[in-house]
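Student: Sequence:
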Amino acid sequence: MEIGNQIKSLRIRKGVTQEEMARHFGITSQAVSKWERGAATPDIGLLPDISAYFGVTIDELFALSDDTRMERIQNMIWDVRDISWDEFQQARSFLLNKAAKEPKNGQPHALLAELENHFAQFYRDQAAEHAMEALMRDHTIKGAHSELTASMCRSCGDWCASNHFALIEYYKEFVEKHPDYAPGYLWLLSPLIEDGRFREADEYCARLERIDDTYRPQLFKSHNLIAQGKWNEAQDILREMECRHSDAWIMYLGIGDCMVRMGKYDEAKVYYRKYMQHQTPPRYTDSLTSIAQLCEIQGDYAGAIEAIRQEIELLAGDWNTLTGETVDQHTRNIERLQNKIRISQNG
51 MEIGNQIKSL
61 RIRKGVTQEE
71 MARHFGITSQ
81 AVSKWERGAA
91 TPDIGLLPDI
101 SAYFGVTIDE
111 LFALSDDTRM
121 ERIQNMIWDV
131 RDISWDEFQQ
141 ARSFLLNKAA
151 KEPKNGQPHA
161 LLAELENHFA
171 QFYRDQAAEH
181 AMEALMRDHT
191 IKGAHSELTA
201 SMCRSCGDWC
211 ASNHFALIEY
221 YKEFVEKHPD
231 YAPGYLWLLS
241 PLIEDGRFRE
251 ADEYCARLER
261 IDDTYRPQLF
271 KSHNLIAQGK
281 WNEAQDILRE
291 MECRHSDAWI
301 MYLGIGDCMV
311 RMGKYDEAKV
321 YYRKYMQHQT
331 PPRYTDSLTS
341 IAQLCEIQGD
351 YAGAIEAIRQ
361 EIELLAGDWN
371 TLTGETVDQH
381 TRNIERLQNK
391 IRISQNG
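All residue numbers for the sequence shown refer to the working numbering, where the first residue is 51 and numbers rise by one.
Fair warning: there could be bad hints in the mix.
[Unchecked claim] Label pairs and their calculated CB-CB ranges: (1) Gln-327 / Ala-150: 31 to 37 Å; (2) Pro-331 / Gln-388: 16 to 22 Å; (3) Lys-390 / Ala-211: 38 to 44 Å; (4) Glu-179 / Asp-117: 18 to 24 Å; (5) Pro-153 / Gln-388: 50 to 56 Å; (6) Glu-183 / Arg-311: 55 to 61 Å; (7) Arg-289 / Gln-388: 48 to 54 Å; (8) Tyr-173 / Ala-150: 46 to 52 Å; (9) Asn-155 / Ala-211: 50 to 56 Å; (10) Gly-95 / Ala-352: 20 to 26 Å; (11) Glu-253 / Ser-115: 43 to 49 Å.
[Claimed, not checked] With a cut-off of at most 27 Å between alpha-carbon atoms, the simulated DSS-like pairs for lysine-lysine come out as follows: (12) Lys-390 / Lys-314; (13) Lys-222 / Lys-154; (14) Lys-154 / Lys-58.
If you're looking for bench data, these hints aren't it; they were derived computationally from the structure. In this text, all values refer to a predicted model and were calculated from it rather than measured experimentally. Positions of the beta carbon are idealized from the N, C-alpha and C atoms, including for glycine.
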């Protein structure tokens, strides 16, 4: 077994005998010998002590390949809501070391960004809960209102703090360096439109149209028009886009999002369902999340619960995801909505 070979290698490197190692752990030298021969494996409760004894992580104790460790970190991000500090530091250290060893490989830094955002998000969620508790006790605490806003949307009333200036500047430079990479324009257009920089958005939509013959230039033109209140013009473009690109299933999600921005919730739900119908497995759940949110906004808590249950079924059937935070968050949302139903029924 791999762990046995690793224990033997680490023991020899440390310069201790099987007997010395056995005495340290209060076991027999025969047990150590069985580990190293692969005839037995250490009790799981001993693994932290063994890793500490050799000065390695538990992952290193198992001599996992880099690809396996990357996969385990990704799964941890997806499945664990509250990653412990030790797990976070071990994963972070591994990714930084891998990035240093492979300067042309961007994946370690990409996964590191995801890991750190996930870790930070848990504490933002915790901050929101503490802020709400503070406001429940004293609704006049201005600082609690500020922290609640910062933790839930990282925004505030001051334009200089809530705009996307730094992000926009980054992507402006990015598209100059990579002018033929269409997705770069999409990451630039969204914050431009959100910040009301409509003229600049028009210019970059035109540049995108020159290199991208998909539905995307029309979709972002529509976003820009909707943000300016030009709904009729936007809907004309959306109708043309739907006719020209009816085979692009992801387009229906974009149209649904546009309908939401115009306050057309029922029409949005129709397009979100079209998005689900046109996909082939494994399907994505984002449109079901949107339907659940719209149902809740409309006071249709039962409809929201049904959409969330469909998400859970899709995760199980298409992705074989049955446990972990990906499922648990949906379960918590169902419980929250059921509580809303009970409150409404009790008057």
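Student: Now tell me, hint by hint, if it's right for this structure.
Tutor: Hints, verified against the model:
1. Gln-327 / Ala-150: 31 to 37 Å: The hinted range 31 to 37 Å is violated for Gln-327 and Ala-150, with Cβ atoms some 47 Å apart.
2. Pro-331 / Gln-388: 16 to 22 Å: The hint (16 to 22 Å, Cβ to Cβ) is violated, given that Pro-331 and Gln-388 are roughly 29 Å apart.
3. Lys-390 / Ala-211: 38 to 44 Å: For Ala-211 against Lys-390, whose Cβ atoms are near 33 Å apart, the range 38 to 44 Å is violated.
4. Glu-179 / Asp-117: 18 to 24 Å: 37 Å, violated
5. Pro-153 / Gln-388: 50 to 56 Å: About 52 Å separates the Cβ atoms of Pro-153 and Gln-388, which means 50 to 56 Å holds.
6. Glu-183 / Arg-311: 55 to 61 Å: 33 Å, violated
7. Arg-289 / Gln-388: 48 to 54 Å: This hint is violated: roughly 39 Å between Cβ atoms.
8. Tyr-173 / Ala-150: 46 to 52 Å: 27 Å, violated
9. Asn-155 / Ala-211: 50 to 56 Å: Roughly 35 Å apart at Cβ, these two residues miss the hinted range, so it is violated.
10. Gly-95 / Ala-352: 20 to 26 Å: 46 Å, violated
11. Glu-253 / Ser-115: 43 to 49 Å: Holds, since Glu-253 and Ser-115 (Cβ atoms, about 47 Å apart) stay within the stated range.
12. Lys-390 / Lys-314: Holds, at about 24 Å.
13. Lys-222 / Lys-154: 23 Å, holds
14. Lys-154 / Lys-58: 34 Å, violated
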